[in-house]
Every structure is written in structure tokens, then in C-alpha cells.
Amino acid sequence: MDWQALLLSIKLSVITTLILTPISILVARALAFNQFRGKAWVEALAMTPLILPPTVIGYYLLVGFGQQSWLGQTLQTVLGTPIVFHFSGLVLASLLVNIPFALQPIQRAFEAIPDDVRDAAACCGLNRWQSLWKVEIPLVWPGVLTAIVLCFSHVLGEFGVVLMIGGNIAGETKTLSIAIYDKVQAFDFDAAGIMSLILLIFAVCTLAFTTHLTKKIGVNRG
Amino acid sequence: MDWQALLLSIKLSVITTLILTPISILVARALAFNQFRGKAWVEALAMTPLILPPTVIGYYLLVGFGQQSWLGQTLQTVLGTPIVFHFSGLVLASLLVNIPFALQPIQRAFEAIPDDVRDAAACCGLNRWQSLWKVEIPLVWPGVLTAIVLCFSHVLGEFGVVLMIGGNIAGETKTLSIAIYDKVQAFDFDAAGIMSLILLIFAVCTLAFTTHLTKKIGVNRG
Amino acid sequence: QSIPTVAAAANVRFALDKIQQQFEQDTGKQVRISYGSSGQLMQQIKHGAPFEIFLSANIDYAQKIVDAKLAPPPAKIYAIGRLAIMHNKHVKLPLSNNLAYLKQELQQGKIQRFAIANPDHAPYGARAKDVLQAIGVWQQIQPKLLYGENVAQAAQFALSNASQGGIVALSLTKAKGFSEKADAVAIDAKLHPKLTQAMVLLNNASDTAKAFYAYLQSPKAQQTLLDFGFDLPK
Amino acid sequence: MVEPFQGLVCQINTTTPIFIEAEFDCRNGEITALLGVSGAGKTTLLKILAGLIKPQQGEIHLNQRTWFNSQCHLHLTPQQRHIGYVPQHFGLFEHQTALENVISGLNHLPKAERHARANDWLEMVGLATEQHKRPPQLSGGQRQRIALARALAREPDLLLLDEPFSAVDPQTRKQLHLQLLKLKSRIHCPVIMVTHNMREAQLLADHLVLMNNGRILQQGTTDEVISQPNSITAAHLLGNQNVVYAKVISQDQSKQTTQIQLGSHQFCLPDPQVRHIGERVGCLLPNELNVLSNSAPIAITLDIHCHYQDGQYRQIMATIVGDHTPLTLHSMPELLRKTESSQAVWLLTPTDITLL
Amino acid sequence: MVEPFQGLVCQINTTTPIFIEAEFDCRNGEITALLGVSGAGKTTLLKILAGLIKPQQGEIHLNQRTWFNSQCHLHLTPQQRHIGYVPQHFGLFEHQTALENVISGLNHLPKAERHARANDWLEMVGLATEQHKRPPQLSGGQRQRIALARALAREPDLLLLDEPFSAVDPQTRKQLHLQLLKLKSRIHCPVIMVTHNMREAQLLADHLVLMNNGRILQQGTTDEVISQPNSITAAHLLGNQNVVYAKVISQDQSKQTTQIQLGSHQFCLPDPQVRHIGERVGCLLPNELNVLSNSAPIAITLDIHCHYQDGQYRQIMATIVGDHTPLTLHSMPELLRKTESSQAVWLLTPTDITLL
Ligand SMILES: Nc1ncnc2c1ncn2[C@@H]1O[C@H](COP(=O)(O)OP(=O)(O)OP(=O)(O)O)[C@@H](O)[C@H]1O
Ligand SMILES: Nc1ncnc2c1ncn2[C@@H]1O[C@H](COP(=O)(O)OP(=O)(O)OP(=O)(O)O)[C@@H](O)[C@H]1O
Ligand code: MOO
Ligand SMILES: [Mg+2]
Ligand SMILES: [Mg+2]
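In the order they appear, the protein sequences are chains A, B, C, D and E. End of the first sequence = 240 in this note's numbering, gap-free, step of one. End of the second sequence = 240 in this note's numbering, gap-free, step of one. End of the third sequence = 243 in this note's numbering, gap-free, step of one. End of the fourth sequence = 362 in this note's numbering, gap-free, step of one. End of the fifth sequence = 362 in this note's numbering, gap-free, step of one.
Isolated chain A, as found in the complex:
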């Protein structure tokens, strides 16, 4: 078992989730409550990482954030390190790839808030922030929880993009998923097997939990 890789994966998951969740809450709220031209396109764009091949994402990150690009050079000056072959690059990639996992459940949850509840909040004199904190967030909480669980477990398993822009640096960019691949390449099936088993169990439990949660919410709402 490659504990360092597991720890790195968990660190990546935690950081990604911590950054993505609050942003997703705000964006999901905006998408749920506002109608505007081209909204379907924005939503489609936000879903793109779900079906876009990881190699394509990897390619664009490599080209877009590599040092040959203007963006990559700017970021390097700002951050002091290059983005590719660096943990910060993985964070960036994870953020990008997990947008749909974070956004979708929260947006659905916001959309499920009846208009009447928001109207009532406004008419009770609650301003936008009070309404968000006291009324909306408690109501979308199950959606947020689902988003967190999905993001977390999905980051844990991210592979293709990391393979392309990570560089497989132990303790820095060698995540559990890469470690498994590595072990398989090096014929160490036993080690790969243990790590796979851990991720498999984690994935099934996660999903049983979220399915259960979703059902419960469905029942409560229904």
C-alpha cells in the first residue's frame, strides 16, 4: 500500500472540495434562480468535463498552462512555480474536471426550493444574505452534501488528466490512481490489488450513502 499516494489523493480531494463547494453554491444559485439567454449553453459547458475525454482536458491544460503559454507564464510569475508537474496543477485540473459533480446536485437542490419559500423569505423582510444563510442553505444542504461526497470520491479516482500533467512525482503528483497504474505496469499486482480494493469499497460505500441520502430527501419532499 502506497500511503504517501493515498495521503496525497486525500489532500487533493479535500482542497478541491473546499474550494469548489462555496463557489458552486453561489454559481448554482445564480443558475437556478436566473433565466438568461444562452443559459442552456452555459449549463452544457459546465457539464462538458463529464463527457470530455481526460486526454483532451489534459492536452488543453498542458498547452494552456504550460510555460510556453502566456497564461502559464503569468501564473508561474504569480505562484512562483509552474502549474504543470506541480500539485497546484492537479488542484486546477481537479477543480475543472469536478465542476459538474459539484454544480449539478447543488443546482438541482436550489431549483427544488419552491418559489413560495423564497418569496416568503423576501416578504418576511430577510435580505439576500439572510435569506441565503437562514433559509436557502439549510434547504439545499442535502444537495451540498451529495456534491461534496461526489467531488471528494471523484477526485480520489481522477486518472487521465493527472497522468498527462502530473509527472508522477512521489508525494507531489503521484495520486493513488496513478500509483495503481504504476504498480500494474511494474507487475506488482498485489499492491495494485490492495489499493484497488480500498478505492472500490470506498466508492460503493459513498454511493450507497448518497443514494440513501437522495432517496430520503425525495421521500421528505414527496
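A portion of the hints provided could be inaccurate.
Here are the computed lysine to aspartate or glutamate pairs in the EDC-like style, where the Cα-Cα straight-line distance is at most 20 angstroms [as the list claims (entries may be wrong)]:
id	chain 1	residue 1	chain 2	residue 2
1	D	60	B	133
2	C	101	C	114
3	D	60	B	134
4	D	180	E	294
5	C	73	A	206
6	C	190	B	208
7	E	180	D	31
8	E	188	D	329
9	C	98	C	240
10	C	101	C	189
11	D	180	E	329
12	C	55	A	208
13	E	180	D	161
14	C	185	B	208
15	C	85	C	240
16	C	98	B	206
17	D	180	D	129
18	D	190	E	309
19	C	185	B	206
20	E	60	A	133
21	D	180	E	230
22	D	190	D	329
23	E	180	D	309
24	D	188	E	309
25	E	190	D	309
FYI, nobody ran anything at the bench for these hints, they're computed from the structure.
Position chains B, C, D and E with the ligands against the provided structure of chain A, taking the given hints into account.
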């Protein structure tokens, strides 16, 4: 542009979708209409490929269907070719990985059929098959279409598993996604760029289409 | 008649591409090639990958295929590989064949990222590791190492100016798209054990595969290998 | 020779999916209305009759033919029962036109006849001109009528209607009532109709079955049940009734009378039942404020909260002094003018009040 | 000196989100009922008054204070308007207890006072004992009352109620009506109440506003509007009315009379309006079958489809011979006994019938 890889990817997508769709319709129907113990676990299991790392899936396929395994050897004797590092292996992997993409939308669609409609069908004297063909399938059709589009585009982009059990054989297991990876390794960023662009455009269009479709169904039902 | 597949170590990529082209011109027959690290390919063959020729970057992996009775002996040595140290043209650091500057730059903290192939299953990675150990910087450089899945990916990593270079196969640095972007210097062969590259013709090989196997040993193919910086076996 | 019973006989008893215990029958050509609060099990009972749900015990027969018998493990499917069913939410096939919907119910006819038969029935419910529209393009009332036509066109052995007029505006509802009344003479099967609406039941049904918590609370002819609810729950179900609670003060067993306290009033009523002192009992009061005579022995003082003209009569909302249950009463307008103050005296005889 | 108008004045005109054109006012302490079919724009109008939707043109004032003026680009937010709003589906905060829900509406009070005030109002609507339950644990009627308490506890300047008694059973509804009637004297603000229920409007409202397709069809005091609907649509909205269509046969401009054909009957009616020959006009007929006198000049033959006892009176469903619009009538029982055949003659004077 690697046309052979594109063709192979499309072939893989078509075959996977053709196999998966009818099976998913039956399974989704069973899951939607029946309550049984452990159903939440079955549903969680069916969702697992969505968050399970591709390397883990790849590992298990390799171990389960590789020539060193009993199953792999039996299948090889039956089929005449090995499963891993062979097109049939990719089909198997795609089927597995795409279960959630095929099952979810169809199951949701079946669940959305009001009980009253199915009751009315039975009371109109339609037997189970007549009810399925004449009433249920037309009603879940939008869900089936979503499943087809999602599956198709997701197979087109599958990477991690294919990398592990494909073997990168041109015309056999070298899909577009792998071809991009290969081109990047051959420093041929231009070719990789064109292929990435094609997949990107395809993904965005697909999603805009399905989002639009989902919205339209929502409106019709609402 | 299906087209036979050749599994080849990533280091012969550009040379073999050219040989394949020549072969197709000369014979009208076709082969297709899958590149990977030698270890990965050997393991895929053991799991039943339908390759008909295996060009390893060392002799051990080829021998393992023979030992597993998947190919008839002997493992045929087709080239002697050479390593090169390289970096992107934008990296304004000097290169030398004995890596004299590398040690210095490491101490000055000028090296943040340095690419080699994964020594666990890519022979070129293992030899690169030998080189780094030979010049006594292994401990120091290890945390900065980018491991390519195979030597071609290592070269791709090294080519990016997000790294300060890497140790890759000399043959890769001779590729067209490469020399415009990067500087490379061959590494003194004395710094590492010899990269004896061997190939085998697998049991299931078709006639075309056999023809290609023979073609690889033809003078024309050997000339191409020489052009790409390989040494030939005596 | 005695004619065998022609119609539906149902006697079932089950605890899954919910508790249902029901024993009743319905003759061919008669309408039985099923009343009960939401969740009483009305839809479930209908589904059991349809064969959609299998009860645990009991028997169901139609015209001497057995549809269900738990002892012989006999359970005909809905397809075998040949019924007409209008589900609570219509259950229309949204991808089919009105005509196709009706045709879908005609599997038992030869293919050639179906089209003509469906057309006939669409005409009968006044939808001939809408036959090529799909349900989403039709109004609630029109959809309802398609569902009705689909059920009727089957010429079923049993017609099951689950709140068949729930989703339509009052005008259309009136029209549909009229249509069903007209059809009543043409339908030769038992009709079981679920409704929440007392007036609808009164208008259409021959028999009433009141349900609560899966049990039959009371059944009988419509007039019988309405005039004599046998419990407070039944009285509440019948809706328009004025039920208030009173407290038992004393009881005279020999005279069979009970002294009760109603609000701040006390009086004696004939009452065959044995009561405990202090027990709360329901009193069913009349709907009319009828103060013509002065001879009535019971005088109840009412707080009148508001009154308004409703056709020829004056509708009043009032409470008994000392109680807070709202009562709805009507009276002749001239009567109320006399008592335009916010209080009125209601004169009743003991037989006007029923203790439950 | 003239008192300035105390209450709500609304005059607005908009095409987004839907077309709404409305001009009306409501004094403090009075209740205005908004009636209209589903989709008429009632909820939208309420949301405009609440400040949740901004109309394109017009003005809204409350007690001489401007809430909205399109010309000055003035539009107060709901928060600034200080209103009490009970949305159509209550809009309770499901994660909060009944008490917390009411407290949520009391932002304008110092923190220390909120708890006591909320408690008071929960008591007022009879929910003191349920204060720690969350909405999902409460019945529809109880939820309704929490929403009402939350709106009322704010002591708002304007109270907006969107079908506030829609989701409760008839018994609870009666109780809530009574409560609102009692509160009416304590509320010193205008109350705008949406309802589908004519009886409710009659019971509670001082004024009626009838809406259709975003326009005000008719407004006035409750009695006025109910007794004199000014159009067929208005008559339909008022529900219980009997409206049938007749055909204009001829018109005598000098005598201001119109000859119409109703079913298979023809007769002359006073009518100030100019009609086209052959035009379809609505006739508003009375609700009573009143055949006491023989002197009435108009005799209409009715097909009686069914009749049943409703309290003291007999409820009848009938159609005019030659027409198929269902009419609901009531009569004294003894009258109907005379005509127990399926036909009856209805004697009317020309003033009993209103042409629309
Ligand atoms: N399959 C089922 N499994 C468990 N509970 C059920 C099932 N079907 C219905 N119920 C429950 O049984 C109760 C009675 O349901 P039913 O639909 O028969 O009521 P109903 O009398 O038709 O009410 P309504 O007037 O609201 O239609 C409800 O509480 C419902 O939630
Ligand atoms: N934001 C909106 N955008 C577009 N259309 C809307 C919007 N809100 C409401 N509508 C439409 O406007 C019409 C009137 O809606 P509204 O809710 O005001 O009706 P209502 O009179 O309250 O009906 P109900 O009695 O069913 O509550 C409906 O057809 C509705 O679909
Ligand atoms: O087998 Mo390699 O050429 O060292 O990657
Ligand atoms: Mg029901
Ligand atoms: Mg509304």
C-alpha cells in the same frame, strides 16, 4: 487527424450503445417498478463505475479477464481471441463503465411514468409486452435518447481503462482518446490539438442537445 | 490477412516509424506498431496481448518472454541504445556529456523538475537512474524527478520548459519535431551499463511479421538505427 | 325461482399494502359512491377490485363469476377481469391521440371494429372534434372525458371511477354529471365511484359507502346515510353537517334521556345509549335557523359572525354561545332581519338533535 | 377637511412576465377578494403588490406613501414594503419549527421581543401546543395557520393572502374562516385575498375583484357583483349561477325589448343593449324553481334529470327543453312532488332573466 482511431472510437461507441440500450431498458424498468431489499445497494453498485477510478476498473478487468485468470482463459477458448488487449475487451470495458450513463436516465424516465398510466394500461387489457411497447417505451423515449447520447459520447472519450487493457493497437484498441495521448508523447501537439478540438466540439454540442432535450421534457411534463 | 502488430519500446519510436515506412515501400506489406515502456509491453504480452514482434529496450524483458515459452529463443539483439541529456531551448543552462553542470545546477537550486522514464519498468529509466547514481546526485535529484510512463513521455516532459530537462533516449532527440525545440547532448556511455536492446518473434507470428523481423536486421534498417543514434551490436 | 344476484360482491380483508377491510355489494346498473378523507384507502380498494393489488383474504365475485378467492388461490389479472377504470389522474397515454387512447382499450374487439366504436364513444362524451389531439393539448375536462370514454367503450363488466370529476371547473363538472346521469340508463354494470364531494354523491349515487382508515364506517342508500350518520366521523365525512361536542351531565336510564351541556346551555335529550357522566358526545344539529314557533322546548343562543345572501336564503356562520365550533345555517332572509344584532335565539325540539 | 385615503391604491399595467392590467383600491381594515380561473394572473398581481415582480407601468401607494412609480423609477423591495404575505403553497421554512417560522418574520422587532410576539400569534391561531414541530410533522390546516400567523405577526401594512384556505378540509376551513372573521376587527390594514371559492368570498370579503386573462373584468362590493355579473365570463366565475345561451330573434329598439330563442322557447325581454339578429347572448337565470303563481308570462319547460334532498330544500339538476346546459335549482320539496314526472314547468317574469 487519425481517422482510423476516430472510426474505431465511433465503432466502439455504436456497439456499446447498441448492446447497452436494450439491456438498460429492461433493467431500468425492473429497478423503477419493483421494490426489494437491498435495492439501494444494487443502485449504488450500478453507479459505482461513475466514481470508481478507471485504473481500478482496468486493474480488475486485467486480473479478471487476463489470460492468467480462469475466466479469461475460458472466454478465450470460447471466443477464439483473448478479451484483454482486444477490441472485444474494450467493448466489455465500455459496457461496464457506461452502465450508469445508460441506466440512470432511463430509470428516471420509467420512474416518471405515473402509476395511473400503468394501471390504466393493465385495465385496458394490454399485457406486459403490449404495455411495454405501446405505452412505456414511447413515454420513456426521451430518457432513452439521453442515455444513448451520453453513452455514445462517453465511450468516445473513455481513456483510463482502455489504456490499461487496450494495448494501443492501431485499428484494434487505439481509440481517439488514446491516439491523443500517443500523439502528445510523439511531440505531435498539432495532431493532438485537432483531435482534441473535434472531441471538445462534439462534447459541447452533445450536452447542449441533451440539456435542451431534458428541459423540453421537463416543460412538457410540468 | 490481418496486419501484424509490433510492440516496441518507446525509445525506438521515430527510428522504427521510419523503418516501418521503408518496409511498406519495399515490400508492400503492412505492420502496425504499439509503443510503450518495455516492462509494460512485456507484461501485456504475458496477459495475452496479440503482438507478434517485441522490441525491448533491454535483453531481460525479451528473455522473459522466451522463458515464458511465448517466443522461441534466442532473443535477438538489434541495437545498443544511448542516453542523452536534454532540455527546452528556453532553459538557458549548459549541457555536457558527463553531466558536470547538472551537479552544479542542482546545488544552486536551478533544477526544479527533471524527467526520466520510470525506472521500475522502463529500461531507459533504469539506466538514467544508474547515470544519476554514478555522478552521485540520485539522492538529491530524486524529489525533483518526473517519471515518464515510458521514455517517450519522459522526453515529452523534459521538452516542456516547466522542467529543466531530463535524461532520455538519444534516438528520440533526433526526431524532427524535437530538435527545433530542444538542445540535447549524448551522455558518455561509460556512465551506465550497456543498453543492449533485444527483440523476439512471438510464437503466433504471421509471415508478414516474420518478414518485418527479418527486415529489421537488414542493412537498410540498421542504417536507419545508426542515423537515429543507436550503436549496432558487434 | 330466485334470480341470482347480478352485480359485484366484495368481501376482502388485507394488511398489505395497507389495512383494508371491506364488505359490500353493488347491483348492475347502480352507482355506489365511496367517500372518505384523503388516505382512507379508497383508491386502494378500487385497485383491489381492478386486480391491480392482490389482497390477502376474501372473495370478489361479479355476476356469479369468481374474480378473487384467497382460499382457492384464484386471482384474475386486470386483463382477465374486463373492467373499465378511470384512475385518479386519468392515466391517459400522452403520446397517443384522444382516438388512439380510446382504441387502446378495445383489445377485445376485432381490429376492424375498434375505430368505429372509439369514434362513437368520443362523440358520446362530446369530443368528436378533438379526436386527433393529444392529452397535453386538451383541457382538464376534456382529458377527463377521454378517460371516461376509454373506460366506457370497453363495455366493461365493472366500472371503477376514481374521483372522476376532481380536476375540472364547476361548469364542466356540472356537464359531466349530466352526462353520467344520462349514461346511467345505458350502463348495465355496477359502477363504483370515489368522490370527496357530497353533492356529487347525492346527485349520482344510489348507495354510499363511507370509509375511514381502511374500514367501512357506514353504508346504505344515499338518503339513509346522509340523514342518519352513525358516528361523528361519518357526520364529518358527510361534510355539510353541523357537529358540535357536548358534555354528558346526567342520564335517566328509565326514561332513556340524557342531560347534556352544550356551550353554556343545558337540556335533556332522548337517548337510548348508556353514557358516562362527563363523557364528550357529538351532537348533530340541523342546518336551518327555524324560529317560527315559540313552543320549542330548547332555546340555543347563537353568536352570528356573518351572513350573506345565497339565492333565496340567507347563509349564516354562527357559533353557540360558550362553544367555538363554527356552524353553517341558512334561514329565510326576513327571519334574520329580525335578529340583525350579533346574537340570535335558535329554537329546537329534542328530536332535532341527534346524539352520536 | 377631507381625510386622505387610507389604504392601498393600485394602478398598474405590464406585459412581463405576463399581461396584467389592474386598477383598484382597498381601504384599511377591508377585505378584497380576487377571483378568477386558474391562470388569470391572480398570484402575479399579488406578487406585484408584494414587490416580488416589478411591473412596467403604473403606481402603487399605501397610506399616501409611494411603493411603486414607474415614472420616478421608484420600486420598493418586499423588504422595504413591510407586508404580510401568505403564498399559495404557504412558503414555510421546512427546516424551522413553527415558532422559528413566525420569528423569521419579526426582523423589524428588537430581538428580545420576537419570541413573545411569535408565541402570542401562535396562540391566536390555536397552535401554541405545536410550536416546536416542523412543518412536515403538521397537517395541512396547521401549516396554513403557521403561514397566517407569520404574516399577521409582522403587523403588516398590507396583508396578501393567496388562496389561504385551499389546502384544508372543509371542517378546518370553516374554523379558519371564523378565525379570520374574528381577526378582521383587529387588522388595521387592507387585506387582498385570492380565492376560487365563491362562498368564501361571500363570507369574508367586502369587495370583489374578478380577473380574467390579466384584466379586471368587474369589481364592486360583494353583493353588487354577485347579484349583477356584467358578462358571461363574470357569471361563470361566480360559479353557482345558471347561465345558458340564447339566440337573438328580433329587437324592438323603441320599446327596448329583445325577442330571444332559449331552447325551444321564444319570448321577449327588456334589454337596453343593441343586438344583432342571430347573435348568441348569455341569459342569467335564477336559482329557484318557483312555481307558486300562475300569472308569470314566461313558461319554460324543464327536463329534470335528478333531484335530492338538501336540508330543507330539494336540489334539482335540470336542462331546458331544446338546450343541454345543466342548471342547478332548488325548490321547496312539496313543489317537486307535484312534478315528479321528469318534466317541470318553470314560471318566470321577464325581470327574472338578465341578458348579458
Ligand atoms: N403501495 C402502497 N404501499 C404503502 N402504502 C400505500 C400504498 N399505496 C397507498 N398507500 C398509503 O395508503 C393510504 C391510502 O391510500 P389511498 O390512495 O388508497 O387513499 P385514498 O383514500 O385514495 O386517498 P385520496 O383521497 O387522497 O386519493 C395512504 O396513506 C397511502 O400513502
Ligand atoms: N414568471 C413567469 N413567466 C412567464 N409566465 C408566468 C410567470 N408566472 C406565471 N406565469 C403564467 O402566467 C399565468 C398566470 O399565472 P398566475 O400564477 O398569476 O395565475 P393564477 O391566477 O394565480 O392561477 P391559479 O389559480 O392557478 O393560482 C399562468 O399561465 C402562468 O403559467
Ligand atoms: O522501454 Mo523504454 O524505451 O525505456 O520506455
Ligand atoms: Mg385516491
Ligand atoms: Mg395563483
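Hint by hint, here is what the structure shows:
1. In summary, the hint linking residue 60 of chain D to residue 133 of chain B is supported, as the alpha carbons are separated by about 16 angstroms, within the 20 angstroms threshold.
2. Proposed proximity of residue 101 of chain C and residue 114 of chain C is supported: the alpha carbons are some 11 angstroms apart, at most 20 angstroms.
3. Note on residue 60 of chain D and residue 134 of chain B: the hinted pairing holds, with a Cα-Cα distance of about 17 angstroms set against a maximum of 20 angstroms.
4. With a CA separation close to 17 angstroms, the supplied pair residue 180 of chain D and residue 294 of chain E stays within the 20 angstroms bound.
5. Distance hint between residue 73 of chain C and residue 206 of chain A is fulfilled; the C-alpha atoms sit about 16 angstroms from each other, no more than 20 angstroms.
6. For the proposed pair residue 190 of chain C and residue 208 of chain B, the alpha carbon gap of about 14 angstroms is at most 20 angstroms, so the pair holds.
7. For the hint linking residue 180 of chain E to residue 31 of chain D, the alpha-carbon distance of about 35 angstroms lies beyond 20 angstroms, and the restraint is violated.
8. Distance check on the hinted pair: residue 188 of chain E and residue 329 of chain D sit about 14 angstroms apart at the alpha-carbon level, within 20 angstroms; holds.
9. As the CA atoms of residue 98 of chain C and residue 240 of chain C are separated by approximately 26 angstroms, the hinted pair breaks the 20 angstroms bound.
10. Under the criterion of a C-alpha separation no larger than 20 angstroms, the hint pairing residue 101 of chain C with residue 189 of chain C is consistent with the structure, at around 15 angstroms.
11. Taking the CA atoms of residue 180 of chain D and residue 329 of chain E, the gap is near 14 angstroms; set against the 20 angstroms cutoff, the hint holds.
12. At most 20 angstroms may separate the alpha-carbon atoms for a hinted pair to count; residue 55 of chain C and residue 208 of chain A meet this at roughly 17 angstroms.
13. For the given pair, residue 180 of chain E sits about 42 angstroms from residue 161 of chain D by alpha-carbon distance, which is inconsistent with the 20 angstroms threshold.
14. Taking the CA atoms of residue 185 of chain C and residue 208 of chain B, the gap is near 14 angstroms; set against the 20 angstroms cutoff, the hint holds.
15. The suggested pairing of residue 85 of chain C with residue 240 of chain C holds, with an alpha-carbon distance near 15 angstroms, which does not exceed 20 angstroms.
16. The straight-line distance between the Cα atoms of residue 98 of chain C and residue 206 of chain B is roughly 17 angstroms, inside the 20 angstroms bound, and the hint therefore holds.
17. Between residue 180 of chain D and residue 129 of chain D the alpha-carbon distance is near 18 angstroms, which keeps this suggested pair within the 20 angstroms criterion.
18. The hinted pair formed by residue 190 of chain D and residue 309 of chain E meets the criterion: a straight-line CA distance of about 16 angstroms does not exceed 20 angstroms.
19. Between residue 185 of chain C and residue 206 of chain B the CA atoms are separated by roughly 10 angstroms; this keeps the pair inside 20 angstroms, and the hint holds.
20. For the suggested pair residue 60 of chain E and residue 133 of chain A, the alpha carbons sit about 16 angstroms apart, so the restraint of at most 20 angstroms is met.
21. Restraint check for residue 180 of chain D and residue 230 of chain E: not satisfied, since their Cα atoms lie roughly 25 angstroms apart, outside the 20 angstroms limit.
22. About 45 angstroms separates the Cα atoms of residue 190 of chain D and residue 329 of chain D, which puts this hinted pair outside 20 angstroms; it is violated.
23. Proximity of residue 180 of chain E to residue 309 of chain D is assessed by CA-CA distance (about 15 angstroms); at most 20 angstroms being required, the pair is judged to hold.
24. Between residue 188 of chain D and residue 309 of chain E the CA atoms are separated by roughly 12 angstroms; this keeps the pair inside 20 angstroms, and the hint holds.
25. Of the supplied pair hints, the one linking residue 190 of chain E and residue 309 of chain D holds, its CA atoms being roughly 16 angstroms apart against a limit of 20 angstroms.
Taken one by one, the earlier hints fail for this structure at numbers 7, 9, 13, 21, 22, listed in ascending order.
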